[in-house]
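Engineer: Here the protein sequences come in this chain order: A and B.
Sequential numbering from 1 applies to the first sequence in our numbering.
Sequential numbering from 1 applies to the second sequence in our numbering.
Just so you know, not all the hints are guaranteed correct.
Claimed, not checked - Listed below are several chain B residues computed to face chain A (Cβ distance under 7 Å; list not exhaustive):
| hint | residue |
| --- | --- |
| 1 | T98 |
| 2 | P206 |
| 3 | D213 |
| 4 | L214 |
| 5 | Q215 |
| 6 | R223 |
| 7 | S226 |
These aren't lab readings, by the way, just hints derived from the structure by calculation.
Because the structure is a prediction, the values reported are computed rather than measured.
Positions of the beta carbon are idealized from the N, C-alpha and C atoms, including for glycine.
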Amino acid sequence: MSETEKKGWKQIPIGGLIARPGTAKEYKTGDWRTFKPVRNEPKCINCLICWAYCPDSCIMVKDGKMLGFNYDYCKGCGICASVCPVKCITMEKG
Amino acid sequence: MNKLIALTGDQAAAEAMRQIEPDVVAAYPITPQTEIVMNFSQFVADGRVKTEMISVESEHSAMSACVGAAAAGARAMTATSANGLALMWEIVYIAASTRLPIVMPTVNRALSAPINIHCDHSDTMGARDSGWLQVYCENAQEVYESIIAAVRIAEHKDIQLPIMVCQDGFITSHAVEGLKIFDDKKVKAFIGEYKPRFSLLDIDNPVTVGPLDLQDYYFEHKRQQSEAMKNALTIIPGVLGEFNKEFKRDYGLLEAYRLDDAEIAVVVMSSTAGTAKVVVDDLRTKGLKAGLLRPRFFRPFPKNEIVKQLGGIKAVGVLDRSESFSTQGGPLFIDIRSAFYESNKKPLINNYIFGLGGRDIGTEDIEGVFEDLIKAVKDNKVRKIVNYLGVR
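Please model the complete structure; the sequences and the hints are all you need to start from.
Structural biologist: Written out as structure tokens, the structure reads:
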């Protein structure tokens, strides 16, 4: 979220109260990331070891195929790149 | 009809709590607050109040239970002193920052070490920056009445802050006074029904209390707290006005005593103001224009009223019953002197740290302060800025 989108002190409930449930869904923790995983698709063998290891469930898979990364929540930990047996995932700035 | 009965300051606090009948009281006994808890427990045991009384294992738990109860939507109270307040420290800040209007009668006692059970203000002055409102009372009558008024002040929708109602350990807490006690129904009517702004028990409107709040919003929540303190400065006189009308009293943010035409004055809080008033009266009979200012509220700090009251005085001695160790004087002095920075009309001003660990302060000590002030006026200069009154 950019600085301009954040609310000011007059616009939020006092005392740190969160006035409705389920707001964690709106919080895109991908903001925390410094490096993002990037896949070299032709090299990928769809073994899905990255999917099994990702601590944030950010490896998107459909019909047994790796589709890519959910950057809204990926924090750039680099585990996927580390465990990839064919080294098709690299960590890049952003 | 108001009843007149003999009560100590602690009993007066317990009596106010009986009439308020909070939903929850969680407390742990500590000298010299013990009699508040003891007397209130008796009211609970005798079925005179329906309050849920929680006997906790420490003050940290007492304040935690109050925070939990207040978050559940209850009117919650506790009471403490000195090391007890120190032990609840972490949760004292949480109560203020979560904006829970807990009312806490606090009996001022020196903090260890060396261990000491007698009066000074080091305990609550340490909590100066915690975000709690603080009112300091001169006598048991004022303790009783201030606790009742405190409920309305803390719970005001534009304040929503907890409040310490302070009295001097042993001097006020254990001395017996004739107290005017209001009718139970009148007190209940004045405080009204508590309408919390949220309740954890309201399952139709689920809320989260006390979440993680990092670089992105913590500062905004602190800014809101500062605003609530500013609001309190204008709201408190209004609430006290209602109180004064209902109970025929005369409370404000501060008390000015024979100050109108005064040339020399002392500033002092709590019970010592009573001693100082005797000295002021005595000096007046000798033709000296002496006066006294007694700040009741220290947080929020009534800067404008203090500057207005003291601006025309030639020399002022500020008496502090605690040491800040800044080497620049006690906390009351530091705030008052700072308040005059932009003022064109400022008195000569110095500080007297007194009464630490319950060291007695007599009229002769305060006469000595006035003698210093007379000399300061004559020399147009303060001899010494920070003085220690009554130390060997």
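Engineer: Now tell me, hint by hint, if it's right for this structure.
Structural biologist: Evaluated hints:
no.	hint	verdict
1	T98	holds, 5 Å
2	P206	holds, 5 Å
3	D213	holds, 5 Å
4	L214	violated, 11 Å
5	Q215	violated, 10 Å
6	R223	holds, 4 Å
7	S226	violated, 9 Å
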